[in-house]
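K.L.:
The chain contents come next:
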Amino acid sequence: MSGWQGCVQYLFYYETPKTLVIPNITVGFVFRFTQLLVVLYVLGYVCLVQKAYQETDSVVSTVTTKVKGFAFTNASSIKYWDVADYVIPPQGGNSFFVLTNMIVTLRQTRSRCPLLPDHSTVCVDDCDCIEGLNDPRGSGIQTGLCENFSTTVKTCEVISWCPLEIDSHLPDHALLDSAENFTVLIKNSITYPKFNFYRRNIAPHINSSYLRSCEFKRSSDPDCPIFRLKNIVSEAGEDFQDMAVKGGILGIIIDWSCDLDWWARKCSPKYSFRRLDSRIPNSDVAPGYNFRFAKYYMDQGGEEFRTLFKAYGIRFDVIVFGTAGKFGVVPTVVNLGAALTFLSLVPLVADWFLLTCLRKKDLYSRHKVSYLKEDTDSEGETMRTIFGTK
Amino acid sequence: MSGWQGCVQYLFYYETPKTLVIPNITVGFVFRFTQLLVVLYVLGYVCLVQKAYQETDSVVSTVTTKVKGFAFTNASSIKYWDVADYVIPPQGGNSFFVLTNMIVTLRQTRSRCPLLPDHSTVCVDDCDCIEGLNDPRGSGIQTGLCENFSTTVKTCEVISWCPLEIDSHLPDHALLDSAENFTVLIKNSITYPKFNFYRRNIAPHINSSYLRSCEFKRSSDPDCPIFRLKNIVSEAGEDFQDMAVKGGILGIIIDWSCDLDWWARKCSPKYSFRRLDSRIPNSDVAPGYNFRFAKYYMDQGGEEFRTLFKAYGIRFDVIVFGTAGKFGVVPTVVNLGAALTFLSLVPLVADWFLLTCLRKKDLYSRHKVSYLKEDTDSEGETMRTIFGTK
Amino acid sequence: MSGWQGCVQYLFYYETPKTLVIPNITVGFVFRFTQLLVVLYVLGYVCLVQKAYQETDSVVSTVTTKVKGFAFTNASSIKYWDVADYVIPPQGGNSFFVLTNMIVTLRQTRSRCPLLPDHSTVCVDDCDCIEGLNDPRGSGIQTGLCENFSTTVKTCEVISWCPLEIDSHLPDHALLDSAENFTVLIKNSITYPKFNFYRRNIAPHINSSYLRSCEFKRSSDPDCPIFRLKNIVSEAGEDFQDMAVKGGILGIIIDWSCDLDWWARKCSPKYSFRRLDSRIPNSDVAPGYNFRFAKYYMDQGGEEFRTLFKAYGIRFDVIVFGTAGKFGVVPTVVNLGAALTFLSLVPLVADWFLLTCLRKKDLYSRHKVSYLKEDTDSEGETMRTIFGTK
Numbered sequence: 000m001s002g003w004q005g006c007v008q009y010l011f012y013y014e015t016p017k018t019l020v021i022p023n024i025t026v027g028f029v030f031r032f033t034q035l036l037v038v039l040y041v042l043g044y045v046c047l048v049q050k051a052y053q054e055t056d057s058v059v060s061t062v063t064t065k066v067k068g069f070a071f072t073n074a075s076s077i078k079y080w081d082v083a084d085y086v087i088p089p090q091g092g093n094s095f096f097v098l099t100n101m102i103v104t105l106r107q108t109r110s111r112c113p114l115l116p117d118h119s120t121v122c123v124d125d126c127d128c129i130e131g132l133n134d135p136r137g138s139g140i141q142t143g144l145c146e147n148f149s150t151t152v153k154t155c156e157v158i159s160w161c162p163l164e165i166d167s168h169l170p171d172h173a174l175l176d177s178a179e180n181f182t183v184l185i186k187n188s189i190t191y192p193k194f195n196f197y198r199r200n201i202a203p204h205i206n207s208s209y210l211r212s213c214e215f216k217r218s219s220d221p222d223c224p225i226f227r228l229k230n231i232v233s234e235a236g237e238d239f240q241d242m243a244v245k246g247g248i249l250g251i252i253i254d255w256s257c258d259l260d261w262w263a264r265k266c267s268p269k270y271s272f273r274r275l276d277s278r279i280p281n282s283d284v285a286p287g288y289n290f291r292f293a294k295y296y297m298d299q300g301g302e303e304f305r306t307l308f309k310a311y312g313i314r315f316d317v318i319v320f321g322t323a324g325k326f327g328v329v330p331t332v333v334n335l336g337a338a339l340t341f342l343s344l345v346p347l348v349a350d351w352f353l354l355t356c357l358r359k360k361d362l363y364s365r366h367k368v369s370y371l372k373e374d375t376d377s378e379g380e381t382m383r384t385i386f387g388t389k
Numbered sequence: 000m001s002g003w004q005g006c007v008q009y010l011f012y013y014e015t016p017k018t019l020v021i022p023n024i025t026v027g028f029v030f031r032f033t034q035l036l037v038v039l040y041v042l043g044y045v046c047l048v049q050k051a052y053q054e055t056d057s058v059v060s061t062v063t064t065k066v067k068g069f070a071f072t073n074a075s076s077i078k079y080w081d082v083a084d085y086v087i088p089p090q091g092g093n094s095f096f097v098l099t100n101m102i103v104t105l106r107q108t109r110s111r112c113p114l115l116p117d118h119s120t121v122c123v124d125d126c127d128c129i130e131g132l133n134d135p136r137g138s139g140i141q142t143g144l145c146e147n148f149s150t151t152v153k154t155c156e157v158i159s160w161c162p163l164e165i166d167s168h169l170p171d172h173a174l175l176d177s178a179e180n181f182t183v184l185i186k187n188s189i190t191y192p193k194f195n196f197y198r199r200n201i202a203p204h205i206n207s208s209y210l211r212s213c214e215f216k217r218s219s220d221p222d223c224p225i226f227r228l229k230n231i232v233s234e235a236g237e238d239f240q241d242m243a244v245k246g247g248i249l250g251i252i253i254d255w256s257c258d259l260d261w262w263a264r265k266c267s268p269k270y271s272f273r274r275l276d277s278r279i280p281n282s283d284v285a286p287g288y289n290f291r292f293a294k295y296y297m298d299q300g301g302e303e304f305r306t307l308f309k310a311y312g313i314r315f316d317v318i319v320f321g322t323a324g325k326f327g328v329v330p331t332v333v334n335l336g337a338a339l340t341f342l343s344l345v346p347l348v349a350d351w352f353l354l355t356c357l358r359k360k361d362l363y364s365r366h367k368v369s370y371l372k373e374d375t376d377s378e379g380e381t382m383r384t385i386f387g388t389k
Numbered sequence: 000m001s002g003w004q005g006c007v008q009y010l011f012y013y014e015t016p017k018t019l020v021i022p023n024i025t026v027g028f029v030f031r032f033t034q035l036l037v038v039l040y041v042l043g044y045v046c047l048v049q050k051a052y053q054e055t056d057s058v059v060s061t062v063t064t065k066v067k068g069f070a071f072t073n074a075s076s077i078k079y080w081d082v083a084d085y086v087i088p089p090q091g092g093n094s095f096f097v098l099t100n101m102i103v104t105l106r107q108t109r110s111r112c113p114l115l116p117d118h119s120t121v122c123v124d125d126c127d128c129i130e131g132l133n134d135p136r137g138s139g140i141q142t143g144l145c146e147n148f149s150t151t152v153k154t155c156e157v158i159s160w161c162p163l164e165i166d167s168h169l170p171d172h173a174l175l176d177s178a179e180n181f182t183v184l185i186k187n188s189i190t191y192p193k194f195n196f197y198r199r200n201i202a203p204h205i206n207s208s209y210l211r212s213c214e215f216k217r218s219s220d221p222d223c224p225i226f227r228l229k230n231i232v233s234e235a236g237e238d239f240q241d242m243a244v245k246g247g248i249l250g251i252i253i254d255w256s257c258d259l260d261w262w263a264r265k266c267s268p269k270y271s272f273r274r275l276d277s278r279i280p281n282s283d284v285a286p287g288y289n290f291r292f293a294k295y296y297m298d299q300g301g302e303e304f305r306t307l308f309k310a311y312g313i314r315f316d317v318i319v320f321g322t323a324g325k326f327g328v329v330p331t332v333v334n335l336g337a338a339l340t341f342l343s344l345v346p347l348v349a350d351w352f353l354l355t356c357l358r359k360k361d362l363y364s365r366h367k368v369s370y371l372k373e374d375t376d377s378e379g380e381t382m383r384t385i386f387g388t389k
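Residue numbers (numbering that gives the first Met the number 0), protein chains in the order written: chain P, 0 to 389; chain W, 0 to 389; chain S, 0 to 389.
In isolation and in its complexed conformation, chain P is listed as follows (with noise of 0.2 Å):
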């Protein structure tokens, strides 16, 4: 046998293992019971459950929203608000704040005035007031006078924009409590890029006339993507006029999740709407949502002049999610044959209770399991074999 041949038989002669077939039904049903539980757990739960045979891609998503309301304040006069008015920042993108509380300084000036009364701003005469001072949680930096700030207190007077805010008495009732009968139109334009699949949240049968006046309700109108904003607010477990009194910040989230195979396409947003900042409602710590803007004018002789909103409402964020599936070919492979692979342990099993649960074990024992006897060099197994086999 030359070298050449030696080789083409090592490559090419097939060494496949020895076997017994057993003819007790016991184990050949445990054999094919746990190979059935291994072929259902792939069917079932690598197919069914977990899709393992689609590709996967995640939603590309782009989003509008428009408000649409107004509201009248009543503090000293009637005061007229429109979406221009209340709705920070104009653009309506993916989140957007509706003003429903505030407090309003008008006609500040860079100027000169004596600081809110507090224990540490109090003084009788100039020696209280250190000039220079400039506490950074402060409002300014003190001048070193000390100037009557009503005719019973004096206080430090600082260099701020004056009068200075007094935020300490927040209205109790939202000045814009009518926010709760606004509208928010949610246009959500997704892509699956992956599968070149396009949808909008306002399905194709919806007209304009239907969107014109519709309103989204979970039971009975769960395509309109107009909400009320009391209602979502209600959705999310929370009352409107609370929140609206020291703001807060709402979650609008727009599930996608899509299996796009043929024999399930179906393809629709699912709405759901959540509290996102502290939902503990005892806390005191900083609760609620606000910031402060302002607006900027200029009177006749060139002086600027601000009126500050310390402005408290409703933050929406409209959050979308989703992961499209689709059959694709290599998953398919790639997941049943790592699936496949489980069935290897099945004899594993098998072989264990052959061994060890059943009455004549022994006998399968001898006769699947040869002992080689190595002090009496070959003839150990050949004995054995015989004493096995008698």
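Listed next, the in silico BS3-like pairs over lysine-lysine satisfying Cα-Cα at most 27 Å (straight line):
1) P:K17 - W:K359
2) S:K294 - W:K67
3) W:K372 - S:K17
4) S:K294 - P:K294
5) W:K309 - P:K309
6) W:K294 - S:K309
7) W:K294 - P:K65
8) S:K359 - P:K17
9) P:K309 - S:K294
10) W:K309 - W:K67
11) S:K67 - P:K294
12) P:K294 - W:K294
13) P:K50 - W:K50
14) P:K65 - W:K309
15) P:K372 - S:K360
16) W:K65 - W:K229
17) S:K359 - W:K17
Source of the hints: derived by calculation from the structure; they are not laboratory data.
Mind docking chains W and S on chain P? Use the hints.
P.N.:
Leaving out everything else, chains W and S in the frame of chain P:
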């Protein structure tokens, strides 16, 4: 044999399957060929296509944008518009809006005025108007009076920002049509934190003078980070002037997928453009993109008035995504190992072929498989073996 | 034997490999040791390192930020700046900009003025200027006139917002240098929806009074959600005053990676800071971060004018990421199972060792492997066996 020895034997005597070598080139070839397929799959798919030997990381990105250009509008008088006028918001983040068309309502004050005429607002006398009527999709709260809207038409009066905006006639040629020649510089820095890899979309070889004069062209200038708005829109398959009238949303997508292994180290941004809002041309349901904002002024008497803009334009969203991969020991071991378990499925295929498809399958079967006859105790097997090998 | 019986036999007679026990401690040790390695890998890597027994979920996060502090600028007159002046946009979302330096152009009106002098704009008389010339990187449309820019230089006149901004001389010490002492309160609420787990970055034990006075320090106050801007910048390895001149972008990265199993339940935010824009110091290509915005005013005659700001400053981007894991039955079964299939590779290793490395490998080979001689029908095998076992 003591218990200790038995235990050692059980643990350290090696139990190996008895095998039979079958000198048949066909089945050997099937065996080796199947093995080869598995190995090719492992090398080809797992290593080359999926790059499963790599650790991956997601991009952390920051974007700044800067629009340049100016425009003139000709309504009533020539007006000059620059960046501070038409880019909203001004900060230049990853989403910016370029104003292209608008409906301007000058000098609105909080006052009273007749509604726009419409089947539900036209009136003959005060009896037709309901004081306090408050339609959330309307323009204000009715005073109950019926006033002259024009010399021929009377409508109900409302408290609102007056005069009311008339948005029925949108200019059908965009006012800022020259916005198509605006350019935008996009600065995009990315980091793959796990690999401590940092890169900008402004390549190191780009100097200031090139940057002052270049413009992105996919063929000739693919590295220049300055984009002409017209080109962005046309690469997305849209017409700028069409889009400018009613507005829209355009995605500037930057793909930073990178292979950071030294033998493949190249990592540069790939730009693509895509319209993100509705691309269904006939859909008349809320098309385009617009929002309202106002500039607030104060007259000498301290009365606030505003200029209301219904702004139409294109919102550009810069979307950065990407995954970087680099050789890692752990994923290499895991994935190679997992792939190798596929090899344990190969003998199943070869055995099936051996016992089903070959001419001498009975011979092979007799030698490979023994049958244990349970009822005659262990005799059966011996006889079967003798019979089989005679 | 009827077909039915044959079918039952085929299905439920258990076919098991015949095995040979080899009483060799060396190969037994190799076998057990390899098994041990696999088991250690499974327990160590899969369970402890990868925590593959856990289900995971991605963080849903909401951020609000609130800057505090004030500053003075000294250009021409002392001016006081507070939050409403220097934070843009004012809403306090996850990205906010703090103004630190600026070029202000006061009282611009839409009118005509000579261009800034430059090799292409200087003129001698009207012939040097082209009426209607419209350079998109220029400042307006030329009128064709040549006007006095100063007493010594004449330049072409343009229609634009006049006077033109002169942005060649940026103050090389930031005007709002005291911005380094501003503080920012970051409120961050996160949810892992799958586990119904909710947490804030303000730990429950933090009370209002602590929150009024604390400041984040990595060593002594790692739980305080109030950050001094100077410290943020220096933790990112930058110098605030350097960065304040030309601006930049700073990432505040909050890592909420959590292990929610009861035996490991700890979940607190980890803060880190990183400069996100160019960190290449010598790069003179468009460094820093700036944008232009304007405040609009109207004079008594109803003429609009504006103050243009070229604003330099630091944009802070709050980036929240994280994954939570919790024990789940399904991933435990899947991953343990997958890891166990590695055990089926162990005999390959041990067999190779047995037939290659041991002194008695020929003996072992003779007993383990039989050869079927095809040409002599089945006789060969018997003889080989006899020969082998003699």
